[in-house]
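Spelled out from the first residue to the last, the chains are:
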Amino acid sequence: MSEETLALEVRNIVKRFPGVLANDHVNFTLRKGEVHALLGENGAGKTTLMNIIYGLYHPDEGEIYINGQKVTIDSPHDAIRLGIGMVHQHFMLVPVFTVAENLILGAEPTKGWTLDLKAAREAVIRLSEQYGLEVDPDAVVEDLPVGVQQRVEILKALYRDAKVLVLDEPTAVLTPQEVEELFVIMRQLKERGVSIIFITHKLKEVLAIADRITVMRRGRVVGTTTPSEVTEQDLATMMVGREVVLQVDKAPAKPGDVVLSVQDLEVEDERGLIAVDGVSLEVREGEILGVAGVQGNGQTELVEAITGLREIRSGKVVLGGHEAPDRNPRYLIEHGMAHIPEDRQKHGLVLSYPIADNLVLCTYYKPPFAKGLQRNEEAIEENAKRLVKEYDVRTPSIFTPARSLSGGNQQKVIVAREFSRPVKLLVANQPTRGLDVGSIEYIHKRIVEMRDQGAAVLLVSAELDEILSLADRIAVMYRGKIVAVVDADKVTRAQLGLLMAGSPAEDVLDKEAVPA
Amino acid sequence: MSTPASFANWKLFWKRWGIGLSIAAVVLAVIFYFYARSPRVTEAVLASTLRQSVPLVLGALCGLLGERAAVINIGIEGQMLMAAYVGFMVNVRTGNLLFAVLMGVLTGAVLGALLAFMSVTLKIDQIIGGTVINILAIGLTGYFYQVGLSAQGKLNPIPLGPLAKIPLIGPVLFDNPPITYASIVLVFVVHYVLFHTPWGLRTRAVGEHPRAADTLGINVYLVRYVNVIVGGALAGLAGAYLSLEAVGSFERNMTNGRGFVALAVMIFGKWTPFGAWGAALLFGFATAMQTQLQFAGKLHIPHQFIGMLPYLLTIVVLAGFVGRARPPAADGIPYEKEG
Ligand SMILES: Nc1ncnc2c1ncn2[C@@H]1O[C@H](COP(=O)(O)OP(=O)(O)OP(=O)(O)O)[C@@H](O)[C@H]1O
Ligand SMILES: [Mg+2]
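Sequences listed follow chains A and B, in order.
Going by the working numbering, 464 is the number at position 464 of the first sequence; the sequence numbering is gapless.
Just so we're on the same page, the working numbering is the position in the second sequence counted from 1, plus 1000.
Since the hints were derived computationally from the structure, they do not count as laboratory data.
The structure displayed is predicted, hence computed values, not measured ones.
Beta carbons: idealized from backbone N, C-alpha and C, even for Gly.
Just so you know, not all the hints are guaranteed correct.
To be verified - DSSO-like mimics (lysine-lysine), calculated; alpha carbons at most 30 Å apart, straight line:
| # | chain 1 | residue 1 | chain 2 | residue 2 |
| --- | --- | --- | --- | --- |
| 1 | A | Lys445 | A | Lys202 |
| 2 | A | Lys111 | B | Lys1270 |
| 3 | A | Lys490 | A | Lys204 |
| 4 | B | Lys1123 | A | Lys346 |
| 5 | A | Lys346 | B | Lys1337 |
| 6 | B | Lys1270 | A | Lys346 |
| 7 | A | Lys32 | A | Lys204 |
| 8 | A | Lys204 | A | Lys250 |
| 9 | A | Lys385 | B | Lys1337 |
| 10 | A | Lys389 | A | Lys346 |
| 11 | A | Lys202 | A | Lys346 |
| 12 | A | Lys118 | B | Lys1270 |
| 13 | A | Lys32 | A | Lys70 |
| 14 | A | Lys254 | A | Lys445 |
| 15 | B | Lys1015 | B | Lys1270 |
| 16 | A | Lys385 | A | Lys445 |
| 17 | B | Lys1337 | A | Lys163 |
| 18 | A | Lys371 | A | Lys389 |
| 19 | A | Lys204 | A | Lys190 |
| 20 | A | Lys490 | A | Lys250 |
| 21 | A | Lys424 | A | Lys385 |
| 22 | A | Lys70 | B | Lys1337 |
| 23 | A | Lys70 | A | Lys163 |
| 24 | B | Lys1011 | A | Lys118 |
| 25 | B | Lys1015 | A | Lys118 |
| 26 | A | Lys163 | A | Lys202 |
| 27 | A | Lys190 | A | Lys163 |
| 28 | A | Lys32 | A | Lys202 |
| 29 | A | Lys424 | A | Lys250 |
Unchecked claim - Label-pair ranges, simulated between beta-carbon atoms:
| # | chain 1 | residue 1 | chain 2 | residue 2 | range |
| --- | --- | --- | --- | --- | --- |
| 30 | B | Ile1301 | A | Gly372 | 50 to 56 Å |
| 31 | B | Ala1024 | A | Gly372 | 58 to 64 Å |
| 32 | A | Asp487 | B | Tyr1221 | 57 to 63 Å |
| 33 | B | Glu1336 | A | Pro95 | 17 to 23 Å |
Use the sequences and the hints to build the structure in full.
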């Protein structure tokens, strides 16, 4: 053990933020060519530790060793020089640049003084062939689906010849198919001697790919183990510090009146192409309709149209029996709609506002949060304190800006806000993306409760497990169309997978499962 | 549903070049028509167009260098004015025109550094930072201004050999004083730097997504400093143009709002050097026409209305024909490192 040089080692890392001890004497080792999974609740300090390794944060105490040598990493520049690459939890790509431009940024090939974009393009092609990561070098990044954007992030690290690769929740935004592809890539990298730190909240993935597993809780390392020694349940318990129920338990649905009815809806995407192509669906009181589908098949646009964030080209969205006279979000919200958006940073929060204000974004203008033209600070604070406690948002204070919360805690703020109003229709797009198992358990429980209290729930998720465990009925979306609607208990994972990949419903499903 | 390929190509071609081509065609037609009718007046109008555009182009290049790196510079007016003054005074004292121009450029650069310090290091609101510079320039130049000083010469046109003899084109393009030539060259230089060098790529990245640039080891603060300082130098050159090339003396508030028009020109030019150049020429042309109309004096329109011409024409053409552009995403936002 002692002769082996470690690719990376950190000793006694301490990092404090105002009011939080984000890393509390953390020790962590990474062997050459291993995949080391890093697990932990939301706000446990995983991203903070990685940012320290990558030179974005400066530790208050502690040491970092690379190949047995003590190093100081003051900036990402140093980290890159030392062969560390990082794919960030929230992507770090310039949206208006092409793939090739993003790849070379900061390490540009030149001919004389001139940027050698041809060489950049060739580098993309070479790397993507070498690792089987297919991307078009000339595509503009903002037009690419997240899965492809992530490939670009990985290529960026490989282009800089990373020997240590940090992947911060890379699978949170991927479809099961894409996760498989990512694992293939990770195994390839391993063979080439790259050491990988892999952060995720999905225990199945950890058991599938990791060589070793380290669990963090509240800034500390709780322990290190290997997949052969533990089960999912053990890991969940280690992370959260208590037993976690991984299975959702719920009574059969008792559907009532139709709350949301979508008729022949057509919606365009940014480029003016049809994204939602003649979709009709109904969601009733007291039921959860799950929309399954590979990302980029129109789910985003469908949700945005229903929630009033996007123009409808044709068709109708009927809420509570009558067509909304006005499709603006405030009208819809006041009529009982709650929305958990897909992109929490873009559509869910005002990042620079304190948590307390984020928690009243939909209700600030009404009593008790407003007194005439003034804000009622007391009520706003009281509301924030209650929700932060109830939803276990890990934050130093209710006045902390949403920006400095960990990804999962940002998500909890949104869920807390949306669930704190009387809800007739809940539209939830990836509601548990980036959440730890404990929080997922809690939010799933709340969604089922909401259903049992008579709310209609439209749940969009790329997570098949989530759909299968929560939904009463499942609609599969493929290329902008609903290709099948089935009862959740009459369909298997495999069948759903086929439907999502575009196999015709007649071939996949038994006759009786297809509703007339 | 699908359009035939050739048709689609045409559409694409038209979308990219259509506006430029149609404007160019109209402009050329008009120029030839008038040249045929009265060559002397046409020549004068075109030459004046180019000269009017010089401070605007330089100012716009200053603005766009800053904004491409996400620093809004509304202090261009002040940078020009101060540079015009310093350049003039140096010329009065030393009689050396080249040295005077250099000092003007340096003045602009120093004020650029001041703006960068305020907005990048101190993270003061950038509009306030720019306003400080404007007020400073108006105050200082007004206070130290002395009546009756006269410059020792001014920058004269340098005809470029036989090129200057070509009818129409010669006198307009190839018989100009040095800063005018320089401004044209600089349009190409800035375009090259911004879109064809590593520095330009980094600048644009810093303006769009500074954190992403930071994670790639790019020094966001350095990029912003350098761009704002170089921009300041260009604004300084514009100031030197006014006092040492166009007029040959200094007057109170002689920039007369050109620094702000330059910002409009930058926006109409969609934050690109060539776009800005086109917009500046258009504005220069309208100004030249206005002067011409007032000289002609045959029109019975109050001169105030004629004076509006440049602004009206600019608004109509640019609002009508040039689509909306997207400013750099991080424009105006100070960058904070975390941890
Ligand atoms: N820039 C910052 N300023 C202040 N506090 C911060 C900052 N970054 C992180 N924190 C705090 O440090 C703690 C750890 O956050 P971190 O992002 O490392 O968690 P994480 O383990 O990555 O969680 P998640 O799984 O939700 O992404 C949190 O309490 C968070 O609020
Ligand atoms: Mg994190």
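Structure-inconsistent hints, enumerated in ascending order: none
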